[in-house]
Amino acid sequence: MAGWELRHTRDGYADALLELGERDPRIVVLDADLAKSTQTEKFKLRFPERFVDCGVAEQNLMAAAAGLAATGKIVFASTFAIFATGRAYDQVRNTIAYSNLDVKICASHGGITVGEDGSSHQALEDIALMRAVPRMKVVVPADYYEAREAVKTVAYLEGPAYVRLGRPKAPVLFGDDYRFRFGKAHLMRSGKDVTVIACGYLVHKALEAAEELAGEGIEAEVLNLHTIKPLDRQGILESVSRTGRVVTCEEHTVIGGLGGAVAELLAEEMPLPMRMVGVRDSFGVSGEAEELVEHFGLSARHIAEAARALCDLAP
Amino acid sequence: MAGWELRHTRDGYADALLELGERDPRIVVLDADLAKSTQTEKFKLRFPERFVDCGVAEQNLMAAAAGLAATGKIVFASTFAIFATGRAYDQVRNTIAYSNLDVKICASHGGITVGEDGSSHQALEDIALMRAVPRMKVVVPADYYEAREAVKTVAYLEGPAYVRLGRPKAPVLFGDDYRFRFGKAHLMRSGKDVTVIACGYLVHKALEAAEELAGEGIEAEVLNLHTIKPLDRQGILESVSRTGRVVTCEEHTVIGGLGGAVAELLAEEMPLPMRMVGVRDSFGVSGEAEELVEHFGLSARHIAEAARALCDLAP
Amino acid sequence: MNPAGEPGRYAGMGTVYPETEGMVLRETEAEEIRQRLETISREIRKDVVRMIGLAGSGHPGGSLSCVEILACLYFYKMRHRPEEPGWPLRDRFVLSKGHAAPALYAALAWCGYFDRDELWSLRRLGSMLQGHPDRLRTPGVEISTGSLGQGLSAACGMAIGLRLDKLPCRVYALIGDGESQEGGIWEAAMLAAHQGLDNLTAILDNNGLQIDGQCCEVVDLGDLPAKWRSFGWEVQEVDGHDVLDICRALDRAEEASGPSMIIAHTVKGKGVSFMENNVDFHGKAPTREEMERALQELEGA
Amino acid sequence: MNPAGEPGRYAGMGTVYPETEGMVLRETEAEEIRQRLETISREIRKDVVRMIGLAGSGHPGGSLSCVEILACLYFYKMRHRPEEPGWPLRDRFVLSKGHAAPALYAALAWCGYFDRDELWSLRRLGSMLQGHPDRLRTPGVEISTGSLGQGLSAACGMAIGLRLDKLPCRVYALIGDGESQEGGIWEAAMLAAHQGLDNLTAILDNNGLQIDGQCCEVVDLGDLPAKWRSFGWEVQEVDGHDVLDICRALDRAEEASGPSMIIAHTVKGKGVSFMENNVDFHGKAPTREEMERALQELEGA
Ligand SMILES: Cc1ncc(C[n+]2csc(CCOP(=O)(O)OP(=O)(O)O)c2C)c(N)n1
Ligand SMILES: Cc1ncc(C[n+]2csc(CCOP(=O)(O)OP(=O)(O)O)c2C)c(N)n1
Ligand SMILES: [Mg+2]
Ligand SMILES: [Mg+2]
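Residue numbers (the working numbering), protein chains in the order written: chain A, 11 to 325; chain B, 11 to 325; chain C, 13 to 313; chain D, 13 to 313.
By construction, these hints were calculated from the structure, which means they are not laboratory data.
Glycine included, C-beta positions come from ideal geometry on N, C-alpha and C.
It cannot be assumed that every hint is accurate.
Unchecked claim - Taking CB as the label site, the calculated pair distances span:
#1 A:Ala-224 - D:Cys-228: 54 to 60 Å
#2 A:Gly-13 - B:Ser-200: 56 to 62 Å
#3 D:Glu-267 - C:Glu-229: 25 to 31 Å
#4 C:Arg-264 - D:Ser-269: 54 to 60 Å
#5 D:Leu-137 - C:Pro-100: 22 to 28 Å
#6 A:Leu-16 - D:Leu-137: 17 to 23 Å
#7 D:Leu-137 - B:Glu-279: 28 to 34 Å
Unchecked claim - Which chain D residues face chain A? A few, computed with CB under 10 Å, are given here:
#8 Gln-142
#9 Gly-158
#10 Leu-236
#11 Ser-269
Stated by the list, open to error - Far from chain C, some chain B residues (derived; all Cβ distances over 10 Å):
#12 Lys-46
#13 Ile-92
#14 Gly-125
#15 Glu-221
#16 Glu-298
#17 Glu-315
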């Protein structure tokens, strides 16, 4: 992590909320006893009348959010990613999404980097779950700025959205002028040998891997796939058609997440060799964030290895 | 549906439960006010002391099932597929699967063929959800016999399992002597031009499609993929390496289900052209079962079309 | 501002539309109101039987048990404009027990939200009337339901939203007794009390039955009034088939200083002899012949 | 059959192991028992502070508030065999509020379920002591918890299972007050009462705080005894830091004809002055210096 400036993606969320709250009275924020962690507390302190803490009751959080949205509010509902998507799945699916309401689920503590709390708090299937819900948009910002801009964008997209935020500070990749283009894969580095598609906390790992590969003469193209649903089919296919190989990287199970989305796309549109970097269908464990990234095979080294293995294949 | 004998998969479940209950006192069955629909009522009538109705409380159903299993019981927990997997996702994930307990979730009313009840009752993401859970086994039987034998098998596999059963009667494909081979793709018909992989209610559609294709000189191999997790990687790759093309068919969203599983496998192991027959990321609607199969593009005609399109591609 | 606006048009049913806020049923008008609401109730019941009979599937028992409750809400208590379903000042209704959709649809049709002919398309492919309420398809449906135990939460959210906007609108939610086994109901109950949602009234269709049998046999709900009181709600009990009893309770609920629960004692399948208290008719359509018999009974009533 | 078997060995802590079923604390022994349980409690507290301090993360507040409850369960009430964690006749304990794992781990270690040295590996990669209880890694943990609102359901399942096998074992579950906002708790409460689970005792660690503040500010739990009584449970209230009070309530709970709730009034962060009633220490580890200060305080106590 040397060399990177570090900031929390959830701080980007909090700052976006303040900005939105300031200019739009329809913004209402709900949390489930985790306002200090998700950072919705900042909104609460500034706009107490537009903040509701639902207590430790995620099901009610989501269905109440739907009801609020039905009165014309733009509702942000926050808790940890595992509870937002898993504990309240049916509410998200049947009340929010089926009603197509403006509930923006912004959940922190996505992925393995939750760290020491361990498995029960490490959301490793949340992208798979939310991706399966019709009408749901799924966004995984990579840094503070992307989180901030993504939140401001999804606020005004019709219907439900899921934004996955992390626990640890993440390397800052963008700046104050960053323009978030919803639904468009973001080219971070060009290359002709392999396309590395990453999201969230692994984007900087992908960039580090690309750097490492460059030293070996392998030119990796790096896409920051902040929007996992709707998938930027064209953007991905365009890159992949040039490189002929794909590595996907996510802090999530390799089942049904970013890797699954890309695999489904390629299978139907452009079958090509692919490697998935992700958690290989197992529960998380307690440990330090970066230690777990290494332990579960999600580091720059692992990404580079996957890319190398692909490039060794006959084209 | 002409020409097929029809029976409910959930009756296969009920009959298996009776057989299991007779010979193994550890078998306990839980339901959540749907015993008449899931058919656990038959077990209840025979073994009332080993049946617990948890009422309309699916979260408690699943976590209580875990507790029962922790006392050495083999617990069957039933409700509709959408509530078993969605309403109680966190309980299934964090209490049952993380504890690796012998809870066999046998849920009826999987898929679009739920019919008239409409979207809130049509489980279209349950396979995606359960597949994402580590340690979970996922089985989708195609007919009465397969359901019966699958249930008897998963009863004695260590840890949690999900068995998806249907609402309508399904064509009988097997007989009383059918041997269920957990984890093995079941070859239903050999062919060299395209592999059609189907599960559950769509297996007979796949067979009908193969028949239709045969008339056009296309020889489709049909695999009944009753076990979606663990995936029979070898069996699938063996078939696909011969045919060079795959069509997947499921009464489920094309995101993260059977099609997703196969796409993930092929992407990493054997990239080849594929088409997914499934619900294209939308909610269900009310209608008659077969009408909906047609409406959502899941009929034999649609499967044949997908196969045809693949075969038209240059090999 | 008179939030009631003009009375809606109720497709010839006459109107008992409340014209003032905090209205209390005038005893001089009681008999007239009673007659109208009973007439409407009988019409809704006939529609329910016919809709489900024609559809060949659906939930007659729990639709019939809540007919008077819906009649009192839509034709006595609630301020709404069928010709303008999105009227911002309308009161809101949430059918938390979504499987009673046929009763809701019939009430909405009588109000004039859509053409009565739509009723006979219930549950058919392409119909605006889905098996369970779908707000995107059916005018008058505020939020989609069908998965039990979520509607009361949604109603809480609405009540909070309306209060934020300082609107005088009230929110009504109808829940089932079996549904009350869902933990989500109690999560909502706790939040509503904490938030002091005095614009929220819930009605519990206490028909004593769920799918697997009597609630007291499946999972006993025990002392429901005590439960709701202990969760901080004001509780009234009414005869759920006595329209004036219901109307008065709805009136009184507006005086509560927090959320208010009306426990309506009802009979599942009410109005059709062979469906009454018959658990089999929870989710089974009458046959053609049963439908005719039921309609005859209702006609005679 | 004496289900108690031989008393376990408690790593030199002495034992107050109950030798008969339905045992009631003998007043002549009360003082001795009190002293032992208070000694054990102090040791567990020190362990909790040190474990979390060394780990650099964890939940001190809710671990410290339930120490006496755990001490009374593991060193007074429960029949168990630390040397044989799978002993079929053992009583079961479920830590529904899984984030209090450090207190449970310390109690288990003092019982002899595993080596005390393991305690200092809390939350480290590869440790048998995960951030939240993991039954596959830690001897003595009956079921994995951490996601709130599920443990009481699991305990119900266990109580049903043990009753089926006609075993005299009891099941204990510890829940939080914040946790009681989860609907799953009330689903379990209803089922337990309906099933008449007289082998189930729940203890509520009523420390008045959750993460976002006081429970009464976040979502007020209102009249908790009334809630539990209305859900059909027998309710007792105790001082959750008075070991004899707890022991007597645990004894009495065995006489209940159904499930029994002990509401233990506690202080979050109990025993460490700067943690007591301090919401900040819900989920924050003490610094090195704070840890030393806390240990000194506890040593002096
Ligand atoms: C979450 C959920 N679980 C299960 C069902 C299936 N279901 C539909 S109606 C019903 C029984 C409801 O009983 P009650 O609330 O008493 O309804 P009523 O008697 O008024 O028809 C059940 C279990 C459902 N719709 N939603
Ligand atoms: C389902 C779920 N939601 C949220 C959390 C995060 N969380 C951990 S502890 C806690 C507060 C619990 O408060 P309480 O039960 O009063 O615990 P105590 O005060 O005893 O520590 C929350 C919200 C969780 N672990 N599980
Ligand atoms: Mg009922
Ligand atoms: Mg507390």
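Evaluated hints:
1. A:Ala-224 - D:Cys-228: 54 to 60 Å: This hint holds: roughly 59 Å between Cβ atoms.
2. A:Gly-13 - B:Ser-200: 56 to 62 Å: Since the Cβ atoms of Gly-13 of chain A and Ser-200 of chain B sit about 58 Å apart, the hinted range of 56 to 62 Å holds.
3. D:Glu-267 - C:Glu-229: 25 to 31 Å: holds (27 Å)
4. C:Arg-264 - D:Ser-269: 54 to 60 Å: 37 Å Cβ-Cβ, so the 54 to 60 Å window is violated.
5. D:Leu-137 - C:Pro-100: 22 to 28 Å: Check failed, 56 Å falls outside 22 to 28 Å.
6. A:Leu-16 - D:Leu-137: 17 to 23 Å: About 21 Å separates the Cβ atoms of Leu-16 of chain A and Leu-137 of chain D, which means 17 to 23 Å holds.
7. D:Leu-137 - B:Glu-279: 28 to 34 Å: holds (31 Å)
8. Gln-142: holds (4 Å)
9. Gly-158: holds (3 Å)
10. Leu-236: violated (14 Å)
11. Ser-269: Constraint on Ser-269 of chain D not satisfied, violated at 30 Å.
12. Lys-46: Lys-46 of chain B is in fact no farther than 10 Å from some Cβ atom of chain C, at 6 Å.
13. Ile-92: violated (7 Å)
14. Gly-125: violated (8 Å)
15. Glu-221: holds (27 Å)
16. Glu-298: violated (7 Å)
17. Glu-315: Non-interface label on Glu-315 of chain B holds, nearest chain C Cβ at 21 Å vs cutoff 10 Å.
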